[in-house]
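Heads up: the sequence lines are chains Y and V, in that order. Those letters in the first sequence? Residues 95 to 215, by the working numbering. Those letters in the second sequence? Residues 95 to 215, by the working numbering.
Hints were generated in silico from the structure; no laboratory data involved. Accuracy of the hints is not assured; some may be wrong.
One copy or two, either will do: identical chains are not told apart, so a pair holds if it fits within one copy or between any two.
As the list claims (entries may be wrong) - List of simulated lysine-lysine pairs, DSS-like, C-alpha gap at most 25 Å:
id, residue 1, residue 2
1, K132, K116
2, K180, K116
3, K175, K116
4, K108, K175
5, K132, K108
6, K166, K116
7, K153, K188
8, K175, K188
9, K103, K166
10, K166, K188
There are 2 protein chains.
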Amino acid sequence: MDYTSVNLKEKMSKFSDHWSPKIIAQMNDYHFKLVKFKGDFVWHRHHDTDEVFMVLDGKMSIEFRDGSVELKSGEMFVVPKGMEHKPFAERECKIMLVEPAGTVNTGDAGGGMTVEESTWI
Amino acid sequence: MDYTSVNLKEKMSKFSDHWSPKIIAQMNDYHFKLVKFKGDFVWHRHHDTDEVFMVLDGKMSIEFRDGSVELKSGEMFVVPKGMEHKPFAERECKIMLVEPAGTVNTGDAGGGMTVEESTWI
């Protein structure tokens, strides 16, 4: 049988919109997603799951109510379940997310930046 | 509060042994692990979970009973639950694994390369 690897750069080149995660792989009931950040996202939380951010290119920060973390290429952070956070990137930043399938990008916050269902690329 | 990112290269520099995954992060009941491969691993399978391989530096292959996949830096592959596989790397290759906490590296095969419990670095 012919097995095919998932090339992150090749997948990243398939879209250009910001804040709209695209699914590239599934492991059990978890999705691996690619997303491009630029500017400010909305404050939100995920009540039922942790969320992994891994920066593939660029730099970004995640603000919390009591602090923040800076992430650059080759760095990751796990946002704990239930913790309010707001991603930010001054310039376009390329990120991989790992989270349960069906996790909505804006969590409990809703609003215009919500993507109810991510698509596969 | 002070939040700290996980730097993959910095973590990778903390160990030099082969085939012995080290835990760098936890998301829900899943572990993110770093591991260095060199040479042949053993044929094995994980009966209860998929397993993610992501190459951070170098190249490797995963053999299956009916084919194989080549992975180089920036590429990933999800080995399906229950599928027999054998990782191989001609030269040292640096990999990130994502799998449920407690997953044993040799799966159902056992033997001398088994690491019953990975350590955090």
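Here is what the structure says about each hint:
1. Proximity of K132 to K116 under the C-alpha cut-off of 25 Å is restricted to the intra-copy arrangement: shortest distance 16 Å within a copy versus 33 Å between copies.
2. In this homomeric assembly, K180 and K116 come within 25 Å of each other (Cα to Cα) only inside a single copy, at 19 Å, whereas the closest approach across copies is 30 Å.
3. For the identical chains of this complex, K175 and K116 are neighbours both inside a copy (21 Å) and across copies (23 Å), given an alpha-carbon limit of 25 Å.
4. Neither within a single protomer nor between protomers do K108 and K175 lie at most 25 Å apart by alpha-carbon distance, with minima of 30 Å and 28 Å respectively.
5. Taking the closest pair of Cα atoms, K132 and K108 come within 25 Å of each other only inside a single copy of the chain (17 Å); across copies the shortest separation is 33 Å, beyond that limit.
6. In this assembly of identical chains, the alpha carbons of K166 and K116 lie at most 25 Å apart whether taken from the same copy (20 Å) or from different copies (22 Å).
7. Taking CA atoms no more than 25 Å apart as the test, K153 paired with K188 passes in both settings, with 8 Å inside one copy and 23 Å between copies.
8. For the homomeric pair K175 and K188, the shortest alpha-carbon distance inside one copy (23 Å) is at most 25 Å, but the shortest distance between copies (29 Å) is not.
9. When the C-alpha separation of K103 and K166 is checked against a cutoff of 25 Å, the pair qualifies both within a copy, at 16 Å, and between copies, at 12 Å.
10. In the homo-oligomer, the alpha carbons of K166 and K188 lie at most 25 Å apart both inside one protomer (10 Å) and across protomers (19 Å), since each shortest distance falls under that limit.
Of the numbered hints given earlier, the model fails hint 4 alone.
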